[in-house]
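Protein sequence lines correspond, in order, to chains D and L.
In terms of my numbering, the first sequence has 144 at position 144, counting the first letter as 1, and numbering is strictly consecutive.
In terms of my numbering, the second sequence has 145 at position 145, counting the first letter as 1, and numbering is strictly consecutive.
Hints listed in this document are in silico derivations from the structure and should not be mistaken for laboratory results.
Bear in mind the structure is a predicted one, so any value in this text is a computation, not a measurement.
Heads up, the beta-carbon is just placed ideally off N, CA and C, and yes, glycines get one too.
Errors might be hidden in some of the hints.
As the list claims (entries may be wrong) - Here are the computed distance ranges between Cβ atoms for each label pair:
| # | chain 1 | residue 1 | chain 2 | residue 2 | range |
| --- | --- | --- | --- | --- | --- |
| 1 | D | R159 | L | Y92 | 19 to 25 Å |
| 2 | D | T212 | L | G141 | 26 to 32 Å |
| 3 | L | D87 | D | G247 | 37 to 43 Å |
What the hints assert, rightly or not - List time: in silico EDC-like cross-link candidates among lysine to aspartate or glutamate, alpha-carbon distance up to 16 Å:
| # | chain 1 | residue 1 | chain 2 | residue 2 |
| --- | --- | --- | --- | --- |
| 4 | D | K132 | D | D122 |
| 5 | D | K118 | L | D51 |
| 6 | L | K117 | L | E168 |
| 7 | L | K203 | L | E36 |
| 8 | L | K54 | L | E96 |
| 9 | D | K215 | D | D188 |
| 10 | L | K203 | L | D39 |
| 11 | L | K66 | L | E204 |
| 12 | L | K66 | L | D87 |
| 13 | L | K54 | L | E94 |
| 14 | L | K117 | D | D162 |
| 15 | D | K158 | D | D122 |
| 16 | L | K88 | L | D51 |
| 17 | L | K129 | L | D87 |
| 18 | D | K118 | L | E50 |
| 19 | D | K219 | L | D115 |
| 20 | L | K16 | D | E68 |
| 21 | L | K102 | L | D157 |
| 22 | L | K117 | D | D122 |
| 23 | L | K106 | L | E168 |
| 24 | D | K94 | L | D6 |
Chain by chain, the residues:
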Amino acid sequence: MITKRIIPCLDVRNGRVVKGVNFEGLQDVSSPVALAQYYSDNGADELVFYDITASSDGRKLFTDILCETASKVFIPLTVGGGINTVADFDRVLKCGADKVSVNSGAIRNPQLVYDAAKLYGDQCVVLSVDVKRVDGVFRVFAKGGRENTGLEAISWIKRCVDNGAGEIVVNSIDTDGVKGGFDLEMLDAVCNVVSVPVIASGGAGKADDFITLFKTLPKVDAGLAASIFHFGEVKISDLKNLMAESGIPARR
Amino acid sequence: MIAIIDYGVGNLFSLKSSFACIGVQVKVTNKKEDIEEADGIILPGVGAFEDAAKKLRETGLVDVIKAQVAKGKPLMGICLGMQMLFDKSFEYGEHEGLGLIKGNVKPIADVIPSDYKVPHIGWNALQFKKDSPLFKYIKNGDYVYFVHSFYATDCEDAVSATSEYGAELTACVEDKNVFGCQFHPEKSGTIGLNILKAFAEMKEGEIC
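Just chain D, with the same shape it has in the complex (with noise of 0.2 Å):
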């Protein structure tokens, strides 16, 4: 049986991890590559780098830590972060990227993610998307969660998987930060229209928050959270056993 999967999500500037992050044992809680191994050796099903990096230096800096995570790390990772063009998706699939995830690039120029999936295949193609509601209707933003881009975000969606994303992720401006659960109303809007895998995003705040998810939600496919696994608040190995003693499919 398919198991549900849990993502940690790592944002990146100049090379290094930019939320503090605070583990036993783990020496320099800072480096992508050994919070990456970390993570995996943990039972996380997948990783997420997201590059917040600026300038050139910054991004071949970034590129040079994902060849050396993809070195040493075997589980899927995706990268996101400045993705917006082919020639992007290709300077991360080079260095051992299995999916791409496209945000505000997407929004610019709707055709990448046709242009991207034509080429890479629909699997290697995640649109992920910033959903905030507007006087009752859900918007896609941009510039992480800054601009309003008017948007509708369930068509904006239905449109990119029609263009060939495989997997979306939903990041809900609403409830991310709050850690108060994930935006189960917005998933279920979002789970509703699409046939491809959805994870959620926004919201977790302790492990309760996932079952309650999961549960609610079966059409959902992952959880991906930041802060609360580089905290420690919630260690991946004790989720993922509360998932299965919830009698949700988890790989231990």
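Given chain D's structure and the hints, the job is docking chain L onto it.
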């Protein structure tokens, strides 16, 4: 040395790195001499069957690989590389495979319930169907990482492991010295590395 066939399909970075991690020397190659010299051959592959089979034929290596297999050299196909070992694929049409294992490749949508998502993507458990030298370092129920929309069928005799996804999907096949994994051992953590290790340890003529 293990030869990883390079025919311009997919990314071989992780496969190369995973062999390096277990201390096995590999050569990513499209040269006849390397394949003849190798202790084992890996046929990788991602993407569409028709395109990949065409590219493989264009390298002129098909007969070289077949000759080595006939000599008893271990060969392992991974993902699309595994699907190409069969007689035929029905992925968008009908396409000839290498015919090294009897069977066909068909859409998983034909056999899974309609509310199951395609592709079959994620970690799924292996259910052993018979003993295999490939399973030397892993156990029944271990999880591996899949990404595929088509599966091998009409190959009952060759199936060594399956995975449950609303139907029993072929996960591993084997016919004498020819092996195949539908999943990605290079993305399946320690379990995957242990499968590659078991393959790398096989010697020509010792498998039957």
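Sort out which numbered hints this structure fails and list those numbers smallest first. 4 and 17
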